[in-house]
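S.K.: Chain by chain, the residues:
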Amino acid sequence: MFSWCTDPDTLEGLAWLSCYLTTGKHMAFYRSFGTVMVLLLVTAPVALAFGFAGAMAARSHFAPLRWLGKGYTAVVRGVPDIAFFLFFVIALDQGIEYLRHRIKCPDWSEPIRQGNDFVVCPAAKMPLSSAPQWVHETYGFALAVITFAIVFGAFAANVLYGGMRAVPRAQMETAEAYGMSRRQAFWRIMVPQMWVYALPGLGNLWMILIKATPLLFLLGVEDIVYWARELGGSKTSAFTYPHPDWRLYYFLALLVFYLLLTRVSEIVLDRLMARLTHGQATSGAKSGGRAADKGLAI
Amino acid sequence: MSACLDTIVAYGLRSIGIGERLLPKRDFTLCEHFTLIGSGLLWNLYFGILAIFFGFFLANAIAMAKANRRWWLRKPAEWFIFIFRGSPLFIQFFLFYEAFVLLPKMGWDINLGFTEITVETRWLTRAWLGALIVLILNTTAYSAEIFYGALKSIPKGDIEAADAYGLTGWKRYRRIIWPTMLRLAWPAYTNEAIFLFHATTLVFFSGFPAWRQKGDALYYASYFADKTFNPFVAYPILAGYFILLTLTVIAVYGAINRRLNRHLPQEARRKLRIRPNVVR
Numbered sequence: 001m002f003s004w005c006t007d008p009d010t011l012e013g014l015a016w017l018s019c020y021l022t023t024g025k026h027m028a029f030y031r032s033f034g035t036v037m038v039l040l041l042v043t044a045p046v047a048l049a050f051g052f053a054g055a056m057a058a059r060s061h062f063a064p065l066r067w068l069g070k071g072y073t074a075v076v077r078g079v080p081d082i083a084f085f086l087f088f089v090i091a092l093d094q095g096i097e098y099l100r101h102r103i104k105c106p107d108w109s110e111p112i113r114q115g116n117d118f119v120v121c122p123a124a125k126m127p128l129s130s131a132p133q134w135v136h137e138t139y140g141f142a143l144a145v146i147t148f149a150i151v152f153g154a155f156a157a158n159v160l161y162g163g164m165r166a167v168p169r170a171q172m173e174t175a176e177a178y179g180m181s182r183r184q185a186f187w188r189i190m191v192p193q194m195w196v197y198a199l200p201g202l203g204n205l206w207m208i209l210i211k212a213t214p215l216l217f218l219l220g221v222e223d224i225v226y227w228a229r230e231l232g233g234s235k236t237s238a239f240t241y242p243h244p245d246w247r248l249y250y251f252l253a254l255l256v257f258y259l260l261l262t263r264v265s266e267i268v269l270d271r272l273m274a275r276l277t278h279g280q281a282t283s284g285a286k287s288g289g290r291a292a293d294k295g296l297a298i
Numbered sequence: 001m002s003a004c005l006d007t008i009v010a011y012g013l014r015s016i017g018i019g020e021r022l023l024p025k026r027d028f029t030l031c032e033h034f035t036l037i038g039s040g041l042l043w044n045l046y047f048g049i050l051a052i053f054f055g056f057f058l059a060n061a062i063a064m065a066k067a068n069r070r071w072w073l074r075k076p077a078e079w080f081i082f083i084f085r086g087s088p089l090f091i092q093f094f095l096f097y098e099a100f101v102l103l104p105k106m107g108w109d110i111n112l113g114f115t116e117i118t119v120e121t122r123w124l125t126r127a128w129l130g131a132l133i134v135l136i137l138n139t140t141a142y143s144a145e146i147f148y149g150a151l152k153s154i155p156k157g158d159i160e161a162a163d164a165y166g167l168t169g170w171k172r173y174r175r176i177i178w179p180t181m182l183r184l185a186w187p188a189y190t191n192e193a194i195f196l197f198h199a200t201t202l203v204f205f206s207g208f209p210a211w212r213q214k215g216d217a218l219y220y221a222s223y224f225a226d227k228t229f230n231p232f233v234a235y236p237i238l239a240g241y242f243i244l245l246t247l248t249v250i251a252v253y254g255a256i257n258r259r260l261n262r263h264l265p266q267e268a269r270r271k272l273r274i275r276p277n278v279v280r
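Protein sequence lines, in the order shown, are assigned to chains A and B.
Take the first sequence: its letter number 220 is residue 220 in the working numbering, and every next letter is one higher.
Take the second sequence: its letter number 120 is residue 120 in the working numbering, and every next letter is one higher.
Because the hints were derived from the structure by calculation, they are not lab data.
Because the structure is a prediction, the values reported are computed rather than measured.
Glycine included, C-beta positions come from ideal geometry on N, C-alpha and C.
A portion of the hints provided could be inaccurate.
[Stated by the list, open to error] According to the in silico footprint, chain B covers these stretches of chain A (three or more CB under 8 Å from chain B):
hint: 1; segment: 23-31
hint: 2; segment: 87-101
hint: 3; segment: 172-184
hint: 4; segment: 214-220
Working from the sequences, and respecting the hints, build out all of it.
M.R.: Here you go:
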């Protein structure tokens with residue numbers, strides 16, 4: 001990176017550190033922070049969409065759809081999310097390959113499950129084995145996003161369902177009195193109003209989503225945890241930059257990163273909440289002025 | 001049927017090292033799935049129950065410290081809660097594991113004057129102690145925040161009434177503040193307990209190695225899924241076990257909740273609502 005980095009063995013102190021921290025692998029490490037942010041920014045809206053669909057299904061007048069909506073939230077909440085992550089990544093992959101197999105190789109006669117193997121025809125592989133590396137990485141990342149969205153969609157569905165129920169009944173009655181149909185009343189009256197009731201819950205979910213991002217590591221994505229373990233492990237003198245086991249410091253850096261991320265989110269969400277609920281009698285507005293009662297005598 | 005009984009005898013306590021040493025390698029039966037995953041659940045129960053037990057007392061202390069007027073009590077409590085609630089449990093596991101591994105290498109010796117002893121840190125790198133410590137600290141922070149919130153929402157009238165009766169200090173805390181706080185905090189604390197049990201599945205996926213393949217329920221479930229390349233059997237079984245565990249926790253906490261609220265008129269009682277507060 002820098003001009004003095006040509007021969008690291010002769011370097012010492014800060015110069016050594018400046019070269020060490022700008023190696024190609026460290027650059028990949030820094031880029032993986034971007035991966036985490038991209039995951040957050042992509043997953044949040046997708047999960048919200050899943051949640052909205054789930055909440056609508058749970059409110060449906062058509063019983064099977066209602067059971068589906070409620071069952072979706074109930075099952076995801078009853079089971080550890082990490083189990084879901086491990087399950088969906090394989091299940092989605094096999095599901096996609098199975099569908100492609102059915103479409104692309106209709107006259108394939110061998111069974112797909114052979115003992116402990118899952119065999120589809122080469123044309124149905126996802127991604128194709130001839131595809132370049134970035135396609136594989138993007139596919140893995142996309143699977144992770146969908147998995148996160150399914151799990152967090154269930155939580156969002158729960159929050160949005162509560163938000164819809166919190167919209168005052170009188171609002172909906174007024175809409176009906178004006179002759180709106182159920183659909184019109186839902187989209188024109190309930191949906192615009194429900195957000196402010198759902199916001200505390202959604203904010204909470206956002207924080208949870210931030211704290212779930214290290215699980216990307218378990219899904220096989222080269223994320224910050226992967227690089228922290230990779231770079232921190234002790235390097236013998238065979239390496240250009242030998243050092244003892246520094247994983248502790250790398251994980252400390254990750255800890256600080258997450259603390260900053262959650263703290264900033266908290267401040268932004270508090271501001272947003274104060275702004276949106278200004279003058280409204282919601283639970284979000286009532287919880288304002290938290291700083292004032294610090295150290296209250298009890 | 002008798003084959004299944006043999007499996008249960010061989011693998012029922014495999015997760016704690018009793019029974020067959022080698023895990024089944026191929027031709028897994030449903031019975032083996034149920035037995036091994038169920039045996040792994042012992043670890044989830046161990047971590048969950050002990051962490052909740054110790055965390056409960058610590059959380060009470062931290063919540064009181066955070067509500068205290070004196071800054072040297074309040075600030076450390078606030079920072080403790082911030083650090084453990086603001087960062088992912090997954091990262092905490094990694095961090096503590098590395099710290100526990102490094103401790104003995106740094107030569108953590110204690111000089112007692114007449115003799116030197118080396119603090120036994122070897123056990124800390126094992127999951128049963130090291131991961132338990134992390135889980136205790138983590139649940140302490142989350143519960144302390146819940147208890148703190150409840151402390152803040154104790155009706156002023158209750159405390160004024162206690163003052164009027166001449167209750168002060170420890171007596172006022174023991175008889176009025178603490179029971180009311182617990183009553184108010186209980187629904188949220190139930191959530192915390194549920195998700196702590198879920199969080200115990202992270203232990204063997206985050207640095208702490210499973211020694212001699214003694215792992216928790218998720219460890220065995222992913223073992224089966226890896227070997228068979230079929231996630232549709234092992235994970236649903238795991239899910240079933242955890243739904244049962246969650247229902248048990250709700251039943252136990254619901255019973256305690258009824259006892260805490262037994263003096264209130266029927267309609268004023270707060271019902272348990274399970275809200276999401278998942279991954280840490």
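S.K.: So which hints don't hold here, by number, going up?
M.R.: 1 and 3
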